[in-house]
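Peer 1: Could you slot chains B and C onto chain A? The hints should help.
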Amino acid sequence: MIAEIGHFALVLAMCVALVQAIVPLIGAKRGNAAWMGVSGPASSLQFLFIAVAFGALTNAYVTSDFSVMNVAQNSHTDKPMLYKVAGVWGNHEGSLLLWITILSLFGFAVTLFGRNLPPGLKARALAVQAMIAVGFLAFILITSNPFARLEPPPVNGQGLNPMLQDPGLAFHPPFLYLGYVGFSMAFSFAIAALLEGRVDAAWARWVRPWTLAAWIFLTSGIILGSWWAYYTLGWGGWWYWDPVENASFMPWLAGTALLHSAIVVEKRDALKSWTILLAIVTFGLSLLGTFLVRSGVLTSVHAFATDPARGVFVLLLLCLAVGGSLTLYAVRAPSMKMGGLFSPISREGALLLNNVLMATGAATVLLGTLYPLIADALNLGKVSVGPPFFNAVFLPLMAPMVLVMAAAPMLSWKRGDLAGVLGRLKFVAALAVAAAMAVWFLQGGSAGPWWTGAGFALAVWLGLGTLLDFAERIGLFARPSQALGRAARLPNSAWGMLLAHFGLAVFIVGLTASSAWTTEHIQSQKMGETIMVGGFGITLKAVDEVPGPNYTASRATFEISKDGKVIDVMQPEKRQYRQPPRPTTTAAIRSGLLGDLYVVIGDADAKGGYVTRLYFNPCIPWLWAGGALLVLGGLISLADRRHRVGAPARAAGAKA
Amino acid sequence: MRRLLTLLPVAIFAVLALFFLKGLTLNPRDIPSVLIDRPVPEMNLAPLPGRGEASGLSTDNLKGRVSLVNIYGSWCISCVQEHPYLMEIKKRGDVVIQAIDWRDDPVLGAAWLKKNGDPYERVGVDPPPGRTAVDFGVTGAPESFIVDKAGVIRYKHVGPINPELWAKTLLPIIRELEKK
Amino acid sequence: MRRLVLALALLSFSAPAFAVNPDEMLKDPAQEHRARELGKDLRCLVCQNQSIDDSDADLAKDLRVIVRERIAKGDSDDQVRKFVVDRYGDYVLLKPPFKASTLALWLGPVALFVGALAVIVGFYRRRRTAEAAPPPPLSVEEQKRLDKLLKESER
Numbered sequence: 001m002i003a004e005i006g007h008f009a010l011v012l013a014m015c016v017a018l019v020q021a022i023v024p025l026i027g028a029k030r031g032n033a034a035w036m037g038v039s040g041p042a043s044s045l046q047f048l049f050i051a052v053a054f055g056a057l058t059n060a061y062v063t064s065d066f067s068v069m070n071v072a073q074n075s076h077t078d079k080p081m082l083y084k085v086a087g088v089w090g091n092h093e094g095s096l097l098l099w100i101t102i103l104s105l106f107g108f109a110v111t112l113f114g115r116n117l118p119p120g121l122k123a124r125a126l127a128v129q130a131m132i133a134v135g136f137l138a139f140i141l142i143t144s145n146p147f148a149r150l151e152p153p154p155v156n157g158q159g160l161n162p163m164l165q166d167p168g169l170a171f172h173p174p175f176l177y178l179g180y181v182g183f184s185m186a187f188s189f190a191i192a193a194l195l196e197g198r199v200d201a202a203w204a205r206w207v208r209p210w211t212l213a214a215w216i217f218l219t220s221g222i223i224l225g226s227w228w229a230y231y232t233l234g235w236g237g238w239w240y241w242d243p244v245e246n247a248s249f250m251p252w253l254a255g256t257a258l259l260h261s262a263i264v265v266e267k268r269d270a271l272k273s274w275t276i277l278l279a280i281v282t283f284g285l286s287l288l289g290t291f292l293v294r295s296g297v298l299t300s301v302h303a304f305a306t307d308p309a310r311g312v313f314v315l316l317l318l319c320l321a322v323g324g325s326l327t328l329y330a331v332r333a334p335s336m337k338m339g340g341l342f343s344p345i346s347r348e349g350a351l352l353l354n355n356v357l358m359a360t361g362a363a364t365v366l367l368g369t370l371y372p373l374i375a376d377a378l379n380l381g382k383v384s385v386g387p388p389f390f391n392a393v394f395l396p397l398m399a400p401m402v403l404v405m406a407a408a409p410m411l412s413w414k415r416g417d418l419a420g421v422l423g424r425l426k427f428v429a430a431l432a433v434a435a436a437m438a439v440w441f442l443q444g445g446s447a448g449p450w451w452t453g454a455g456f457a458l459a460v461w462l463g464l465g466t467l468l469d470f471a472e473r474i475g476l477f478a479r480p481s482q483a484l485g486r487a488a489r490l491p492n493s494a495w496g497m498l499l500a501h502f503g504l505a506v507f508i509v510g511l512t513a514s515s516a517w518t519t520e521h522i523q524s525q526k527m528g529e530t531i532m533v534g535g536f537g538i539t540l541k542a543v544d545e546v547p548g549p550n551y552t553a554s555r556a557t558f559e560i561s562k563d564g565k566v567i568d569v570m571q572p573e574k575r576q577y578r579q580p581p582r583p584t585t586t587a588a589i590r591s592g593l594l595g596d597l598y599v600v601i602g603d604a605d606a607k608g609g610y611v612t613r614l615y616f617n618p619c620i621p622w623l624w625a626g627g628a629l630l631v632l633g634g635l636i637s638l639a640d641r642r643h644r645v646g647a648p649a650r651a652a653g654a655k656a
Numbered sequence: 001m002r003r004l005l006t007l008l009p010v011a012i013f014a015v016l017a018l019f020f021l022k023g024l025t026l027n028p029r030d031i032p033s034v035l036i037d038r039p040v041p042e043m044n045l046a047p048l049p050g051r052g053e054a055s056g057l058s059t060d061n062l063k064g065r066v067s068l069v070n071i072y073g074s075w076c077i078s079c080v081q082e083h084p085y086l087m088e089i090k091k092r093g094d095v096v097i098q099a100i101d102w103r104d105d106p107v108l109g110a111a112w113l114k115k116n117g118d119p120y121e122r123v124g125v126d127p128p129p130g131r132t133a134v135d136f137g138v139t140g141a142p143e144s145f146i147v148d149k150a151g152v153i154r155y156k157h158v159g160p161i162n163p164e165l166w167a168k169t170l171l172p173i174i175r176e177l178e179k180k
Numbered sequence: 001m002r003r004l005v006l007a008l009a010l011l012s013f014s015a016p017a018f019a020v021n022p023d024e025m026l027k028d029p030a031q032e033h034r035a036r037e038l039g040k041d042l043r044c045l046v047c048q049n050q051s052i053d054d055s056d057a058d059l060a061k062d063l064r065v066i067v068r069e070r071i072a073k074g075d076s077d078d079q080v081r082k083f084v085v086d087r088y089g090d091y092v093l094l095k096p097p098f099k100a101s102t103l104a105l106w107l108g109p110v111a112l113f114v115g116a117l118a119v120i121v122g123f124y125r126r127r128r129t130a131e132a133a134p135p136p137p138l139s140v141e142e143q144k145r146l147d148k149l150l151k152e153s154e155r
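Sequence lines, in order, name chains A, B and C.
All residue numbers for the first sequence refer to the numbering used here, where the first residue is 1 and numbers rise by one.
All residue numbers for the second sequence refer to the numbering used here, where the first residue is 1 and numbers rise by one.
All residue numbers for the third sequence refer to the numbering used here, where the first residue is 1 and numbers rise by one.
Just chain A, same shape as in the assembly:
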């Protein structure tokens, strides 16, 4: 019965969304306040219905109602409660329901926080949101109903893939979706602006917090996913340039560019047409990811069970949303007035350059991801495009961006003094070169890869450059006694920018060191045998059978010693799940500032030992720290007073 209520709620939500997509739009066109006003209550109602549907499916999972096919296929009574709940979105239908729930949540948030939004803009933006909702609700109801019943219900479910039975499943997909779907806000505002025919600073001030929020979620989602992969997969890797990973990375790149170009619109009333385009493209890439994951056009290690009908449907949605909005853009953008002028050497100029580099980076990832499909469609043969390609092409594109990043915040708006800024950065440059040389020396010259020096130089350049900018902003060198007070008065947005940029520098250290200097020892290790890894002695002491809630684990105990003294014990596991019967590994990780000791236990072998994999992964914690700083910077910037107060009313007649 509850499942039917969920299904019915989705139908109702679709009806409400249809009304919300049409009535406010007509109202905005005719200037009819009552019709425009429909958007608010409609979006609240739509959220309510979808939340009911989501609750109904969650209830089916929590109570293990196997008469619901989706639950029977993906759950099991033995599963711990956390994974019963997280299992709701651990499959195609449920994850779509989560997607649409988040979409309607964002619409509802606009109604909550958008009281002083210009009514026309609000009505149009919410109407666009509703159109997206209609598309996805139709997709769910027609091709992917999560409430379909099974007759007769099985005694127990088929269980959830053990690899997904991890707290990672509880957090990673929701964050990722909050990011993807969050970009729909920027998209809807962009379409509304195109319909209205004006983009101004007030518009940018509205769009920025929504974009920033989505960016924070997406960044967290990607970092959490990498972390999850790192600790569960048992080989120390965290990124593989898989199509599905790329599907999340492309909107991130475009969204990061959007975040920065929106600043230029807000402060300088320039780059308006470009910003609108980025808003469309960012959400378009999010939708594209949905298509790639659910249509089966590419081979991926992830990928849902695919169904051609779903592929056609998502492609249709993609064409309507992206094709439609880009057409609208082509029609309306040329009539948009040019904004404030600036010289190529200026903060706007630097932001534009980095925007272009990031867009090129996103386009490169897109090209590499789609190339197997393109080559196949053109009968050029089957091609694989893997990590070696992306590393060789994408990373060099990002190096100049990092170079510009350190200098850009020091340039003044409109017309900057490049020679002056570079003069201020000369010590930073010298230290960056020194770091490169030191790294080269420490790794024993060409005993390590050539690019480690470049990676560290970039990290030092960006990190110290950002610190220098901070020091100058608070007048640390000019008036040290007042520096603390000035730091306290520094706007949140400046703090956010500095932290995020610094975070990227930290991230680059982790990326470079972990890619270059990982040491790996794979061997058959006997009981009591000690292997030296990264200066640690690792001794296998025991392997015990330990029961889990729905698995049995072989838990190894390793003693870790440093300079002959035992300092720690590590216990990796190899688990055998009962339903579905599959093994997983759980690595034991001991993090330190210099890197992670990463220990994996394998099978017993014929020689009376166990296959063990012991890694020292240098600077991996720097990756997570860098990611955390990016997110923290975003959060602090989001808390900026100007965002909280909301946009002031538009200046009268400020048409742009």
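Treat the hints with care, since some could be wrong.
To be verified - Quick list of in silico lysine to any residue cross-link-like pairs, SDA-like style, CA-CA up to 20 Å:
{"hint": "1", "chain 1": "A", "residue 1": "K382", "chain 2": "C", "residue 2": "F98"}
{"hint": "2", "chain 1": "C", "residue 1": "K95", "chain 2": "A", "residue 2": "I374"}
{"hint": "3", "chain 1": "C", "residue 1": "K82", "chain 2": "B", "residue 2": "E42"}
{"hint": "4", "chain 1": "C", "residue 1": "K99", "chain 2": "A", "residue 2": "L367"}
Bear in mind the hints are in silico, worked out from the structure with no lab data behind them.
Peer 2: What follows is chains B and C alone, placed relative to chain A:
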């Protein structure tokens, strides 16, 4: 100029959408063999136990007539599905079938043929790491190759053979090659 | 993030990557290192999207062993790659070779970057001409206001 630039995004998207549409009809997992029109790899595989000393498979055995080379293994689930039809082919005498018992324990491979029937003239054993199978560019079992009279590979089929595929695709190719 | 992401209901989600096993490894560490690096560039044919170095599929294991045999026999890295490509085609190379069919892939990013730079240069040029162009003449109304202001300031 500016108008053209604003048209560019939608134009690019249109091209991509066409690729996606085409992509929905393609299978990214379908990998063509590069061995077509190349001579059969050099091999000299040992026979299965109990099938006679001289029943192994070597390169020369594939010359002089058109033959079908089938890759199977006692561990292979889809092979069980295909096997009855191979028996039928043998009964009809459509073409001679040779086999490579891939990545298998020869004892199990022989027992499997006892149980499911033996449609093969010669069976060569290719134990791990399956060097001959790799020379053939094999990606899984069952796989079947059509080899012409000169010992050149002319066609490869991945997956089980079924009556429809046999009648519509494989047999016509074999008949055509036999004429030459 | 391999294998996970939103990857949720997966078809052939193989067991955790327990790829390279101690019994496969070459005695000579330099040769073994070469084999590992080569393995990372070769695609596992039966997996979804993994290299033979981190796949636990049987065929990937076979290829790892065969790659090591070739190395032990004294093949160069390029000879080993050619050996595998001769049997499985360019599809096995995770870094596609530079040739006619991959021209767009390798040169695309460069072309994109140059194109984007050209658009920026065009953007600044247009702006400069817009800046240099004389402002439009004042309307009658504006002229009246200006005259009035000037008169006021004279007073």
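Peer 1: All hints are to be evaluated individually against the structure, with a verdict given for each.
Peer 2: Hints, verified against the model:
{"no.": "1", "hint": "A:K382 - C:F98", "verdict": "holds (14 Å)"}
{"no.": "2", "hint": "C:K95 - A:I374", "verdict": "holds (16 Å)"}
{"no.": "3", "hint": "C:K82 - B:E42", "verdict": "holds (17 Å)"}
{"no.": "4", "hint": "C:K99 - A:L367", "verdict": "holds (16 Å)"}
Comparing the model with each numbered hint stated earlier shows that all of them hold.
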